[in-house]
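Number of protein chains: 2
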Amino acid sequence: MDQKDVKNKDPLVLFMPSGRRGRFKKGTHLLEAARQLGVYVESVCGGRGICGRCQIEIQEGNFAKHGIVSANSHISEFGAKEIRYAEKRDLKAGRRLSCSAMIEGDLVVDVPQDVQVNAQIVRKAADTRLIARNPAIQMCYVEVEEPDMHKPLGDLDRLKQALEHDWGFTDIIVDQHILPRVQKILRAGNWTVTAAIHRDMVTARPSLIALYPGLKNEAYGIACDIGSTTIALHLSSLLSGLTIASAGTSNPQIRFGEDLMSRVSYVMMNPDGCEAMTKAVRNALNDLISEVCTESGVDPLDILDTVFVGNPIMHHLFLGIDPTELGGAPFALAVSGAVHSWASDLHLALNPGTRVYMLPCIAGHVGADAAAATLSEGPHRQDEMMLLVDIGTNAEIVLGNQQRVVAASSPTGPAFEGAEISCGQRAAPGAIERVRIDPLTLEPRFRIIGTEPWSDEAGFADLSAATGVTGVCGSGIIEVIAEMYLAGIITEDGVIDGAMAARTNRIVRQGRTYSYVLREGENPLTITQTDVRAIQLAKAALYAGIKLLMDKLQIDHVDRIGLAGAFGSFIDPKYAMVLGLVPDCELEKVKAVGNAAGTGARMALLNRDYRREIEQTVTAIEKIETALEPKFQEHFVYAMALPNKVDQFPNLNKVVTLPARSAPTDSSGGAGPVRRRREGRRPRG
Amino acid sequence: MDQKDVKNKDPLVLFMPSGRRGRFKKGTHLLEAARQLGVYVESVCGGRGICGRCQIEIQEGNFAKHGIVSANSHISEFGAKEIRYAEKRDLKAGRRLSCSAMIEGDLVVDVPQDVQVNAQIVRKAADTRLIARNPAIQMCYVEVEEPDMHKPLGDLDRLKQALEHDWGFTDIIVDQHILPRVQKILRAGNWTVTAAIHRDMVTARPSLIALYPGLKNEAYGIACDIGSTTIALHLSSLLSGLTIASAGTSNPQIRFGEDLMSRVSYVMMNPDGCEAMTKAVRNALNDLISEVCTESGVDPLDILDTVFVGNPIMHHLFLGIDPTELGGAPFALAVSGAVHSWASDLHLALNPGTRVYMLPCIAGHVGADAAAATLSEGPHRQDEMMLLVDIGTNAEIVLGNQQRVVAASSPTGPAFEGAEISCGQRAAPGAIERVRIDPLTLEPRFRIIGTEPWSDEAGFADLSAATGVTGVCGSGIIEVIAEMYLAGIITEDGVIDGAMAARTNRIVRQGRTYSYVLREGENPLTITQTDVRAIQLAKAALYAGIKLLMDKLQIDHVDRIGLAGAFGSFIDPKYAMVLGLVPDCELEKVKAVGNAAGTGARMALLNRDYRREIEQTVTAIEKIETALEPKFQEHFVYAMALPNKVDQFPNLNKVVTLPARSAPTDSSGGAGPVRRRREGRRPRG
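Protein chains in written order, with our numbering: chain E, 1 to 685; chain S, 1 to 685.
What the hints contain is simulated information worked out from the structure, not anything from laboratory work. Model, not experiment: these values are computed from the prediction. Among the hints, erroneous ones may be present.
If several chains are the same, the list does not tell them apart, and a pair holds so long as it fits within one copy or across any two.
What the hints assert, rightly or not - Derived EDC-like pairs (lysine to aspartate or glutamate); straight-line CA-CA distance at most 16 Å:
hint, residue 1, residue 2
1, K654, D299
2, K92, D287
3, K26, D10
4, K574, D609
5, K184, E143
6, K151, E629
7, K574, E164
8, K623, D148
9, K92, E57
10, K574, E443
11, K151, E622
12, K589, D572
13, K623, D166
Bound conformation, chain E alone:
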């Protein structure tokens, strides 16, 4: 009979969700089939039926388009390994161990993404995104030969032989800290151990980084976004991919300087400033690690891999690198590529073998956090042209699709964070976050953080009493100025129109300019001409940066916008567009993407393929330095107007009625000089 015919009669097996398929001889174990197809199915015990990690489910039915009729009769009966495992532990109905179950006919096999073998670990609700796993850490259970005087190979050397024999690892490098412990661990496990093997780069040799007696059926990792304001840290199981616990804290470096530039200044002024800030952030990380471990009952020694992201200055300070060079042109990063290190070298209280991976930085002001957000939102994986913006003291801007990606930062300054606004404040209970102005009466109504009703609704006074109305946070500032513009209080050039004072006593004169009283009473909140000007400057810088990138790609329209970070998560896309922070776009395609940097860090933690993906992507990203682009000034000047002087807004016009536009003029006329923001450029926060 023809060899090919024989092969074609073998059962067809389709693995989902990957869609990989192949024909296998009857009697082939599904774990073996998965491995041959490159389908990632976890197994710690190497097919001995004791770890339970290799669970799969059989989909029954007629999968006509695949030419498969799949049925539970197409798989072998429960084998001895499965019976023993199901007796000792919980094997959910419908689940099989792929190291035991054998192919008997055509099959559609589902590889569940949530195999949990430790009942006490509960999946966090916040963990919405399932990430395909291929972690840098592999837990490998082996049985090691006992010492033999005839073959006096060392204990460690026989362990390495077993790892080569059972798992195919040749030329393993062994961490020094293993050496003094290997003999006791092997004997404690009665010559069975679980080795934690770290493999990251393709070209690097696998490393033995931790060793446990007997079967160690769990290993954890940490993904962390070190923001200049907030540090957010997630503890994940490397074997199930689930997030076990999360914690966040203020960055204690704030006591050295509120924003990034003041922290760089602190380092320049104080000989031990860098060391102090490095120590502060590492201590905070150790506190967070302690917190998530206590919450989840996880031993910090079982955390074997970590991924950190942050803007360039946070990145450098965490690594103990003086950030002074980032404080002035040419804004030289000490290191831009991905960093591989040891947690112990960075004084993190974890296992001595725990590794650290930091995503690459894109440029001097576009950090590993922007790289992580890019990894998470994936403009480089899309057909659609995507704009990804993370707004801080600097805005990090990434624009592109799978053809080409460009990136830049724009010096927006701290206005969006409320820092240069007379009534501005941080987002906190009592802060105004939503504003509407009646275009006829010019009367405002608003909502504050922590109180459900609007200010003109029943119960507001009672419910807001606890916090009071303390100021206006970033999203509130965007809304009040956008509403003032839509109501005609502000002209397209950003001038609070004194003529409107005739219609309402909320417009008041202050010297040569006018203000709008958002809240009257004992502690009034007023939007001044200076406040409007500060927002104009910030949004013009942001928009000019975006426009510059659009020029580079020769496009005048983006398909999709992701607003990242805390500020991006709370602003209303419509008002962002009215003020011209972002270009015109279909409103339902403008999305807050939350802590995209944190998600990107988790992806890199759980799947080393994502590390290679973002490293290659960052290398390919074209970096635009706005300070060096003559067109930036031109865009900046036109972008001072609301929304701006030159673009069309077809999508925005569908949802709001923009005031009539005057003929283009020099937008710097009218309301005082446009301050150039090139000096005193601030790295983003």
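Given chain E's structure and the hints, the job is docking chain S onto it.
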């Protein structure tokens, strides 16, 4: 014209001493020619003519057998680089810089092994063996592009680019400690730096382990033999191969136990015993490092590579490994393969990037010191059958040639070190080291350490007054017993013959046995029957081990014997053979090989090819565990006799007249029971 013809008309260049040759186009730089042929010519500056490391000499003459007429006219005139270098620094007459000198005709090129560019460093007289270099550390001078806002690659990333461009290193791993310092170093060197690259394993990626501003034209390494009694450490230039300084000290672990087994016992009895001994040896190493650095003016931060050897227990204690398992069967090593580590992990006060390499151990009682001695003496490289013996509390025995090598250890006990001998002492001034006994009068004469004349020569009394005659050291014990045997005082069974008392009053009765008075007077030195028995037991164990290995190789004769270590260096081969410590062999082929372990460590330090060689050799060595070999007991019993009961001694008979041999009997008869030495086995010292 035929391509081949063109090629054959190119000049022929022969490099010595490697003998590699090839044809090169006229105008090819000799450095380039050497690289193409794989001839190791150092160059730190990468051919810029500033480091002076690539010096060569042209041999003039008619090298008929190579078909070459070599002449200085066959090489280009002094180039600009050479003129500049010779002006600034000393370029010896006849030397050329191979990065400047170009091939103009057939040449025989000598690559000198002693290129020194630092005049202040003087070669030590003790450094007799020149070792071909191919160190694991390569010093690479590069010019790095300055930061550019258009291409915001990090400083470190541009350094890596330069290392790839100029030196061909791709995918360099960077030590964490470099990151915080890279920016300052690059700027201090005005964008020129010298990178220390560590490459060891073929499969491992190169690592950037240290970085210096500008040209750093020197790097050092340490080779160290950690003996249980003595630690010997050598500081070498990795760029010239010369030994710069050496130092030695007692192993401070002696205060925890004189010999190895008592140190293992100390660990077993004291919970912190391992830690205390690890700390003791590391402190001693730091003191020695400090000593050689002070002596030579070398900065410890410039020591970038280190090689350590030692017996298995010293090896383990240095690495912080509890040696308890080595104290009893199955004598399991924690690790037998080569160990790669960091000096900082082992608390050595060197550069944070300094690496540690430890040679593999051969077996539970045959350590990295024996591997190093093997590397140094090279039985595996020879046609001749070589026996290599290092005698301590255990004897490490290696036997073989390039076909096959076997190894074992024998439990000789401490008798050879004087520990079980009534008048025994360590080798020190005042100790008897040489003995002759007149076969007619049975009168002895001797020589002591520190005094030139023999005891019966003029001036002995005066000159020895300072030290006195304090005891008999190892080599003296061998000689006195061998001379007693040759004089007929001792029978071939090792019995001090009471009948001889009639001929001399130096034979005295002590209970049921007799003694020989080596020195009369107030502080007499006497060789007792028990002393003879102790030496018999020790030498029988040693010889039985050797015989077992000879059995394995099915040989009854060895071509060459190397006696390693302190004891081996001082015993007279003839007397060793009379006592039957070693088998019969041509006397001129029995050599003390000194600190062969230290030489092997230096070889591994200066040339990583030697690391691969010894790793492969150790893997191939057949390890014989004497305790498991039934024949060992048989050999042991026959070897109790002097020289032994079964062999012929054709070579020994040429130089001494051995007493007539009796018919074989049970050697345990006659002089008390032969104690079995299997119990209380001691690892060698």
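Results of checking the hints against the structure:
{"no.": "1", "hint": "K654 / D299", "result": "neither (55 Å within a copy, 74 Å between copies)"}
{"no.": "2", "hint": "K92 / D287", "result": "neither (37 Å within a copy, 63 Å between copies)"}
{"no.": "3", "hint": "K26 / D10", "result": "within (7 Å within a copy, 65 Å between copies)"}
{"no.": "4", "hint": "K574 / D609", "result": "neither (36 Å within a copy, 68 Å between copies)"}
{"no.": "5", "hint": "K184 / E143", "result": "within (15 Å within a copy, 50 Å between copies)"}
{"no.": "6", "hint": "K151 / E629", "result": "between (70 Å within a copy, 14 Å between copies)"}
{"no.": "7", "hint": "K574 / E164", "result": "neither (59 Å within a copy, 50 Å between copies)"}
{"no.": "8", "hint": "K623 / D148", "result": "between (60 Å within a copy, 11 Å between copies)"}
{"no.": "9", "hint": "K92 / E57", "result": "within (10 Å within a copy, 79 Å between copies)"}
{"no.": "10", "hint": "K574 / E443", "result": "neither (20 Å within a copy, 116 Å between copies)"}
{"no.": "11", "hint": "K151 / E622", "result": "between (58 Å within a copy, 9 Å between copies)"}
{"no.": "12", "hint": "K589 / D572", "result": "within (13 Å within a copy, 93 Å between copies)"}
{"no.": "13", "hint": "K623 / D166", "result": "neither (46 Å within a copy, 26 Å between copies)"}
Comparing the model with each earlier hint shows violations of hints 1, 2, 4, 7, 10 and 13; every other hint is respected.
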